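Starting from two chains that each stand alone, build the complex the way the hints lay out.
Those protein sequences? They're chains S and Z, same order as listed. Per the numbering used here, the first sequence starts with residue 1, numbered consecutively. Per the numbering used here, the second sequence starts with residue 68, numbered consecutively.
Incorrect hints may appear among the rest.
Said to hold, decoys possible - Keeping only pairs whose Cα atoms sit at most 20 angstroms apart, straight-line, the calculated EDC-like set for lysine to aspartate or glutamate is:
no.: 1; chain 1: Z; residue 1: Lys95; chain 2: S; residue 2: Glu40
no.: 2; chain 1: S; residue 1: Lys49; chain 2: Z; residue 2: Asp159
no.: 3; chain 1: Z; residue 1: Lys102; chain 2: S; residue 2: Asp47
no.: 4; chain 1: Z; residue 1: Lys102; chain 2: S; residue 2: Glu40
no.: 5; chain 1: S; residue 1: Lys50; chain 2: Z; residue 2: Asp79
no.: 6; chain 1: Z; residue 1: Lys289; chain 2: S; residue 2: Asp47
no.: 7; chain 1: S; residue 1: Lys49; chain 2: Z; residue 2: Asp103
no.: 8; chain 1: S; residue 1: Lys50; chain 2: Z; residue 2: Asp72
If you're looking for bench data, these hints aren't it; they were derived computationally from the structure. Bear in mind the structure is a predicted one, so any value in this text is a computation, not a measurement.
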Amino acid sequence: MRKHRRTRFTLAAITFLGVAFTFGLGGTVFAAESPASSSECIKCHTDLKKMDSYGAASAGGAAAIAG
Amino acid sequence: MRGRDTYGVDKDYVDSVHGKVGCINCHKGKNVSDKDKAHEGLVKDPSEEDGGGVCRQCHSDITSTYKNAMHYNLTGIKDIVGTIISPHKMQDTLLPAAWKLDCANCHASCGSCHVAWPKVAEGGLLNRHRFEKNPPMEKTCYACHGSRFAGEYMGLLGPSPDVHYEKYQMVCTDCHKGSELHHTMPEGVKRYYATVTPRCEQCHPDAVAGRSEVAMHNAHKKNELACTVCHATEYFNCTNCHVSLDVKEAGNIKVIFPSDPLETFKIGRNIDRSPGNPYAYNLVRHTPMKKDSLASLRYFQAVLTGKPGPKDLISNYDALPTWNSASIHTIQLKTRQNSSCNACHGHKDLFLTKQDLEPGDPKANLKVIVNKIPPRIRK
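Extracted from the complex, chain Z is given alone in its bound form (with noise of 0.2 angstroms):
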């Protein structure tokens, strides 16, 4: 990428709304030829603070809600960690630092979807300081989802890109609307507990179990299988994963994930039904972590504090499972599983089972696994 992609300012952009605004008024800085001078001060991102920044001033609409929006705050993120650790204070270890130096970078902006590439993929302008109403998904969705939903639903994971993709180009926000990205409702939930999600039979009614044209929809009851455990393809998951620091450079902290990449396939008992995901049976995903995930953390914060972090800081381990439903963006109308009923009827190596549990998983991992294998069909 050249600096001019990174920097570069087109010509009429200075003419448009957000142009005539003048960069200082935004960035501060100096109006300064000298490039040092004129770089005192400097906002990189005017749009960070409190869910909107300078974007306030016009768009109060959206920046009222979008400040306790998932996008922006990651609930979830800090109510899983939260729940680990507990008993344990996040202030008491080094995570809120982790925290700052790494989980923050997704955290998503105003202008980190509209104006410049998230934090995480080193920002850069996306379209000369353009603003880009529909943000571009290979570059900014996938720069914080890319190692599983947008990776996957462009095929740049797995084995086949999501059929809304490959057959119709569909972009992230074709579903997933500015509604629902700048407004988590209710308020601080996880998830699947978002009442304004997109649901598969909002484009597909006559797919809804009971009142289908298809034999097989009407063969499962409602709610009783997710789309996506007929229609989803292999996916991607991370296990093994540990949290680390690379301190090679010094001044240059960045933390690190080695992990060893899985496909699978595996179909799950899900074991939270909310309004968002009310199937009993749901397509599985592993978390990447680990009992030992963090534990470089107590090192760490023995070389920078001087006094060691907890020995046991995920101490509610077993609280909760690493095998999770899961949203899989790769959906084909024809799938292996669902060529015929007995494709998946019979087939173990679909069902998340006690053998694919590793020694050490959390305990909640068996609330997840499928004891009763759907017996083959006869007639």
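So that you can see chain S by itself, here it is in the shape it has in the complex (with noise of 0.2 angstroms):
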């Protein structure tokens, strides 16, 4: 009964720091480190099948006037 008691302690104790770390003190962390990381620029831009969703600039290599 104790021995059950305990593992219920622990579990509950693990998840509250789960929950503090995720938006406590980590939570801080991470967003202190989003502005200078590109993290979800790379995500999205090497994402080569999205990229394709947003079409075409139509950069064809089209002669200017400039000689």
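Next up, the structure:
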């Protein structure tokens, strides 16, 4: 009985620590990192299939008048 | 072209020297998943400002000279336009607006050669954002110089490509080195006054008049004929060019150039001999210009500002010729005119004469025409 209670306590503590880390200290650390990081830009721009959905900007090497 | 070719970044790029800098450090914007929010404050071309932008941080040796280089500030065009509209001032006309709308599209930032297509080709990444130390000429040089130099060099205009390309696959930067493109010397000069420019004799020293094994090279005095006079084939020109605004679609104003293309071969007098162009005779190309080329700007100025521009915008039209010395890029070893002495001598059609001029041409063209065609050689 005592053992079962200890397990429940341990599980609750782990869950609490997880939540605290995600929304607390850990969240703060990630939030502080995000302006300097480019992870979201990279995730999107290296997804070539996704980039195709934005279509063509028609870079086609049209000859200009400059000579 | 697919969206990936325009905006797609290669995964390998992220681990490269430039990739490790991080997108936001150069392009600004925000590191969030929502596209619109991520692109708030985005700087599309971070290399644009003052001839280098963010590139200055590591490449100051290049950017310190590039901000004054011809490819960045387009000195040549500004100089010509300023001369032919004199005594009017650019700021009293629509020209600065037209400059921003169109001319400036051909000015090159670091990124528009080394990372993306130039603005005039409507952008897009060259190679998944990889930095190209040697810009691919068919995408970068051609985008701005396609209607003449690069187009004729690759055989996309005119009867044949240049032998340096056709036979040896040479690219623009094989002759036009970075030192020339990044640094115009002396500062602020026009094209032919730059001291660091490629010269044929650098690779062909045996072709110099007076010390050549080729009799025809020695038959002409040093600096009498440009190499192209004998070794170029026909080339492309634009005549009757008009600058106008295409405003068919609201909010999308385009500058257009209706003109008549013309393929010619014309030898003319060089009225502006300089270190980079010391020859008495050169091939001449028609500049896309007419006396009333910019006439429509007066109308648009009235519509846009409520006050028409000067009636005689190109009031100093006579000052500069519309047939100008040209660096033709259609070189061949054997050409129609160099097959024998008399393939050129006595052939009036090869020379720019009074008959080639149009009514209303600038008076300066009279200085370029050849009055005396070299006679046929009897012996």
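Hints and how they fare:
The suggested pairing of Lys95 (chain Z) with Glu40 (chain S) holds, with an alpha-carbon distance near 13 angstroms, which does not exceed 20 angstroms. A threshold of 20 angstroms between alpha carbons decides the hint, and for Lys49 (chain S) with Asp159 (chain Z) the separation of about 49 angstroms lies outside it, so the pair is violated. Note on Lys102 (chain Z) and Asp47 (chain S): the hinted pairing holds, with a Cα-Cα distance of about 14 angstroms set against a maximum of 20 angstroms. The suggested pairing of Lys102 (chain Z) with Glu40 (chain S) holds, with an alpha-carbon distance near 10 angstroms, which does not exceed 20 angstroms.
This hinted pair checks out: Lys50 (chain S) and Asp79 (chain Z) have alpha carbons roughly 18 angstroms apart, not beyond 20 angstroms. At most 20 angstroms may separate the alpha-carbon atoms for a hinted pair to count; Lys289 (chain Z) and Asp47 (chain S) exceed this at roughly 60 angstroms. The straight-line distance between the Cα atoms of Lys49 (chain S) and Asp103 (chain Z) is roughly 19 angstroms, inside the 20 angstroms bound, and the hint therefore holds. About 12 angstroms separates the Cα atoms of Lys50 (chain S) and Asp72 (chain Z), which keeps this hinted pair within 20 angstroms; it holds.
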